[in-house]
Amino acid sequence: MDMNYTPEEQAFRDDVRAWLAAELPNPLAAKVKGGKRLHREDYLTWHALLRSRGWLAQHWPVEQGGAGWTPIEKHLFEEECVAAGAPRVIPFGLNMLGPVLIAFGSDTHKAHYLPRILSDEDWWAQGYSEPGAGSDLASLRTSAVRDGDHYIVNGQKTWTTLGHFANKLFCLCRTDPNAAKPQEGISFLLIDMDSPGVEVRPIITLDGEHEVNEVWLTDVRVPADNLVGEENKGWTYAKYLLTYERTGIAGVGYSKNALGHLKRVAAAQSHNGAPLSQDPLFAARMAKLEIDLLAMEMFNLRVVAAAGEGKAPGPESSLLKIKGTQVRQETTHLLRRALGPYAMPFLPEQFDEGWNGEPVGPDDAGPIATQYFNMRKVSIYGGSNEIQRNIVSKHMLGL
Amino acid sequence: MDMNYTPEEQAFRDDVRAWLAAELPNPLAAKVKGGKRLHREDYLTWHALLRSRGWLAQHWPVEQGGAGWTPIEKHLFEEECVAAGAPRVIPFGLNMLGPVLIAFGSDTHKAHYLPRILSDEDWWAQGYSEPGAGSDLASLRTSAVRDGDHYIVNGQKTWTTLGHFANKLFCLCRTDPNAAKPQEGISFLLIDMDSPGVEVRPIITLDGEHEVNEVWLTDVRVPADNLVGEENKGWTYAKYLLTYERTGIAGVGYSKNALGHLKRVAAAQSHNGAPLSQDPLFAARMAKLEIDLLAMEMFNLRVVAAAGEGKAPGPESSLLKIKGTQVRQETTHLLRRALGPYAMPFLPEQFDEGWNGEPVGPDDAGPIATQYFNMRKVSIYGGSNEIQRNIVSKHMLGL
Amino acid sequence: MDFTLSEERRMLLETTDRYIRDRYPIETRQANVQREEGFNRDTWKELADLGLVGALLPPEAGGFGGAGEDLAVVFEALARGAVVEPFLASGVLGAWPLARAGGHTSVLEQVIAGEALIAFAHGEPQGRYGPSYVAATAASNGEGGWSWTINGRKTVVLNGDTADWLIVSARVSGHTDEEEGLSLFLVPAGMAERRGYDSVEGGRAAEVILSDVRLPAENLLGESGAAYPLIEETLARGALALSAEALGLMEVCKDMTLEYLKTRKQFGRPLGAFQALQHRMVDMALEIEQARSSVMLAAGRLEGERIERERTVSAAKHLAGRVGRLVAEEAIQLHGGVAMTWEYALAHFAKRLVMIDHLLGDEDHHLQRFMAFSRMQEASS
Amino acid sequence: MDFTLSEERRMLLETTDRYIRDRYPIETRQANVQREEGFNRDTWKELADLGLVGALLPPEAGGFGGAGEDLAVVFEALARGAVVEPFLASGVLGAWPLARAGGHTSVLEQVIAGEALIAFAHGEPQGRYGPSYVAATAASNGEGGWSWTINGRKTVVLNGDTADWLIVSARVSGHTDEEEGLSLFLVPAGMAERRGYDSVEGGRAAEVILSDVRLPAENLLGESGAAYPLIEETLARGALALSAEALGLMEVCKDMTLEYLKTRKQFGRPLGAFQALQHRMVDMALEIEQARSSVMLAAGRLEGERIERERTVSAAKHLAGRVGRLVAEEAIQLHGGVAMTWEYALAHFAKRLVMIDHLLGDEDHHLQRFMAFSRMQEASS
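Protein chains in written order, with my numbering: chain A, 1 to 399; chain B, 1 to 399; chain C, 1 to 381; chain D, 1 to 381.
These are computed hints drawn from the structure, not numbers from a lab.
Built from N, CA and C at the ideal position, the CB exists for glycine as well.
Some clues are possibly wrong.
[What the hints assert, rightly or not] With a Cα cut of at most 16 Å, we get these calculated EDC-like pairs of lysine to aspartate or glutamate:
#, chain 1, residue 1, chain 2, residue 2
1, A, K263, D, E378
2, C, K45, C, E115
3, B, K256, C, E115
4, A, K74, A, D120
[Claimed, not checked] Some chain B residues flagged as far from chain A (calculated, every beta-carbon gap over 10 Å):
#, residue
5, E41
6, E63
7, S143
8, A179
9, A274
10, E358
11, G361
[As the list claims (entries may be wrong)] Stretch by stretch, here's where chain A covers chain D in the computed footprint (C-beta under 8 Å, at least three residues):
#, stretch
12, 178-186
13, 292-299
14, 352-360
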């Protein structure tokens, strides 16, 4: 056992760190660190930088234009990016659809779509969730009926993150309503969002922000060539993608960064004449969180290292998802708590770039309470923590 | 709303307190407070005292020789007894079988058994649980087959508390194995433990103590007259008894007393040069417990007061059972924690009356760790906390 | 011992419940929040006309209630509508010091009638939840016929932007965190510089700056330098009101979640048929009963002696924080995505429930306060 | 980065596993506990012959291991049998100070061979878990040819009743709780007055009284007055060993509970089919993974620099306490009544798991220690 990174891994980390220091624009990093709203252009700027370095498609093999990284390298890269204040990579095309096409797409699909994902010519959105389906994908109702060399698609998708920026939608549709099992008879279609009958409606979340959308599909004509893989086998591809989505779900880098933020906020807040960070109860809450995070980092590395040996991430990734979301939620909870009365003032204009009014309370108080509420989502989406527990119970514990 | 006791209730409390001060023998109270083992004679001494005052049958109507108390009076009595260091009343005859006979027994049964319970001529044991049945009483397997004017009973009972002191056993047996539902076809029999075929075997619990037993029943001949109520209706009587058993299950008096003990132990333990009671983390644990107990006391009084208005204790008593056991277990947990290394020494001889060796560590350290382990039982017996949650979910929340 | 409500309080409860059911659906609440003042003056007047402000004050101050149980009943009932009108700011924190100090009866009358608003300008930057932390000063130099000159900065003053009057705490002597040396003043709000803003869960607050605010002698409330007991009493009433509000919000969150679990199906069964969720609902219901008990206890002790009042109020506010977070987070989680949307009412109840922990002391603050007063009680017994 | 075990450690693990499976069933464990010494000398000798004591010590001390990972592997494996033989007392707490101080090689050889026992007589009444709390004194008056005279009382000395040698900490200068001024001595056990007793979960301990115990100069270990770093290191090794043992016990508790849930039926279905219990098992499994990670981290840092060693060891021992309690209590609860019986093996694993929190610092002690060392680390970076 050796818990240290190899010299090669260490060199990789140094390389990433140096590149970020040189290339990541300061104003962009400042927006990310300050919790400002990011716009479409911010993401495209970041993608372009990564593209120029060959690091945009982190989960793709080199031959497809990917970075060809080991799991440990992906982990190191994520950690460095979070620490530097880089935006996230928009995952829908690069980390979700891309791997599915590489594994299951036709040569035509690969040749057509992969370069367009890499070049940001297409912005993909995910059409999985439906109102009334929740974590139960097998009960989905959006239908695709074959009509000559088209499918006619009708239905409604929800929780479509950044769907208002997207020009393409990959979408699960029911193609065989009479299939023996409900998860059979589902197909994986690629839909042009400019098609007649596609309508995107914003969902405002409880923090007052617009990030997710409903997508209404009414008699949308989709060329049959846009079917990925085989008809009625969409569930297989969807599961593959969900496994992918959980890689890195622990969010260790994010939480380490957030813990550092928490410590700074708690040190700056005064409590009974001393910094809040010295209050025995608050300090104990932070220390428990830090211990949980230390342990989770090791746990994550163990799973990452096992993946490097070719072991597919199994139910362990469900455990990491649960613990990762617990740690993220506890961090934003403590951040909120640390602010005391200053968690209350809500000045949404200060999340905009260029705002230079006077904040109420500490400089960075602004987005903290809303982030706490926003962060409730992480234990719900991507397969709720209850679904993850069901998976672990069945596949790891044999119950 | 008036949260104070009425003058009558206050006078009752004063009366009880004065009587306890005058009558409860000091050596007996010292044994109870010191966590010593109690023997059969100790319980009989206490029962005799209560009998002489007319307070032994606390749940019986006056006309049957009971105390005829209101729920509030029962509550006050329990609190005073615990504070004074009185032993508990052995409940099997007085609080369990007695009410069942009063409600469902024949006049002959009442005339014969009730006076013998009151006089301690009979020591009853409870024959409910079976190995393999747990909280699922309906699956019980002990059989009673009619043979002329007798039943022939075969089977095995377990968790029979103080069964080694008992001469009588009230027992659930299956009389109709073909009943439509498993909880039908069960009968409630009264068994003489001197009958041939009754064998009591001790169960040593994880704390090394002998309090519970297995009772093996092999071809035991029980007169048919010993059937309580109707054949195959035993489940109804058993449920009635279980509801009775849960009254007072919150154990408020017990926990108040234990919290006082905890505070004294924590004040006497040294930690970083100061009393442990001033350690911020330990003090916070104790304060949370105290707040939970304060709230539970009010909750208990609300349910007790409602019972006084004739409302039968419903699923609220299940909630009280859950919270009551959580508080009791947390108290013994903190007591154990407070002792630090001194929780480890185990000198079982010091639980015996008259032991006057030198203790290891604080005087009262001896039984604390074993009490912690023993107290694990309270969330298991009398319907486990999981069963209580099922009851609340169904009957209170409608799920 | 008697846990039933008096006839008067039962009527108060029914009146409030009916108003909220008929006239204050969530859409009205959200529309009121969107107004520039953060609430609706007409609604406020209607609620005052129903007697709901008067119920918070004793007869000697022109009200007809004012006991702990009155506060508990009114605030729990208002919570069922997530009412944003300034009951806490004006009816409790603002009116109580005035009611206790005596005088200024016309101001009180207007407050009870819903025609004037008072806000309690007490908390300060760096003060966090400390009840005696006051750096603002009051000098009695009597310049130009004025008796007092106030200087200082107050922070997150609830409804401070729209109040007509401010109750301002200021220090005439002593160190910043001392209990001795505090005075309370009634300040016409126009004399202060105010910067209003929205609160994250609805409602409004303000930063308030007092620069050489000059006041006549009669605007001092009570005896100079001896205001701490009244401040503490006011904060205790506020904390009780918030605990009762939290309780009402918990009940709404629980009821909405139960309803959702019963109707929403997944994997072919109602969500409520899943035992893991059932048991979590039971744990939630149990903790809510504990919170309810603590509110009843604190309500019954509010007018009693100080140590027991502070101890039980802190127990209630501690549980409001601890259980409130549990209930809010579980309600959102058990709802799944829908509770994440602005459009779904639960989100607003849950947000208010969480943010109550940031008003007048959080779970840890009140745990520590409970410990301090328990020690006092043990020392004195 | 590489999380696989080396070939040597895998063999060590397999050897231990096989021994426990074949030769140390729970009945043997219980029989060993019942012996007057609280363990079985023959078993101890067999385990030592397998190299399990030597694995805890470095080659320079006559062993063939001694790294953090060796301790972790051995103690986790031994826990699967709830082994009561004195590995912690003699193999870690006793042998390490001797190994580090150098000299006394024949004593160490006998310890590694399972022929002699050393116990670590360090904790004192009123000392609780304080690592530097030592009131016992060592005077260097050199009377009658002796160099040192030791006086003091040591408490809950593991296996102190049967040890042949004691490592005794005593103070040559400074206040009772100071790190400076401590010395360690090798004391022939017969020179101390000892009162042995059972420990609640099996095993033995003793109160040890040292009255004018006179020792020659060579029985001082290391430099006089400068023993604290070695004491701290010894306690860190002990805490790591206990954390690894706790981990092994957790795995046993989890496995037994899973087995029970799969076979035991209630209401016509296996208990394991009830979702509420499933989810609790998952939470238990998740926390055990966290505990495992913390043990691996601490094992990897044991030989590194002090602050990171203490921080990670305290993190591991904190989780051993926190998760250990969760697992023990849940395992008993999910088993229902049967786990309450002496006869059922689970009870003994769960008891040991709980009582580990009382050895070398509990969950709170190590949380506070983690906080202190984290502050040191932040201050120095």
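For each hint, the structure was consulted:
Taken as a hint, the A:K263 and D:E378 pair is honoured in the structure, with Cα atoms around 11 Å apart against an allowance of 16 Å. A threshold of 16 Å between alpha carbons decides the hint, and for C:K45 with C:E115 the separation of about 7 Å falls inside it, so the pair holds. Taking the CA atoms of B:K256 and C:E115, the gap is about 49 Å. The hint is violated against a cut of 16 Å. The hinted pair formed by A:K74 and A:D120 fails the criterion: a straight-line CA distance of about 21 Å is larger than 16 Å.
Non-interface status of B:E41 relative to chain A is upheld: no Cβ of that chain comes within 10 Å, the nearest being about 49 Å off. With a least CB separation of 54 Å from chain A, B:E63 remains clear of the 10 Å interface cut-off, as annotated. Look at B:S143: its CB is around 33 Å from the nearest CB on chain A, clear of 10 Å, so calling it non-interface holds up. For B:A179, the requirement that its beta carbon stay farther than 10 Å from each beta carbon of chain A is met, with the minimum near 31 Å.
Non-interface status of B:A274 relative to chain A is upheld: no Cβ of that chain comes within 10 Å, the nearest being about 13 Å off. No beta-carbon of chain A is positioned within 10 Å of the beta-carbon of B:E358; the least distance is around 36 Å. The beta carbon of B:G361 is kept farther than 10 Å from every beta carbon of chain A, the shortest such distance being approximately 26 Å. Figure legend: the stretch 178-186 of chain D, annotated as covered by chain A; annotation inconsistent (0 residues with Cβ-Cβ distances under 8 Å, at least 3 required).
Evaluation of the coverage hint for the stretch 292-299 of chain D: fulfilled, as 6 residues show C-beta separations to chain A shorter than 8 Å, against a requirement of three. Given as covered by chain A, the stretch 352-360 of chain D fails the check, having 0 residues with a CB less than 8 Å from a CB of that chain where 3 are the minimum.
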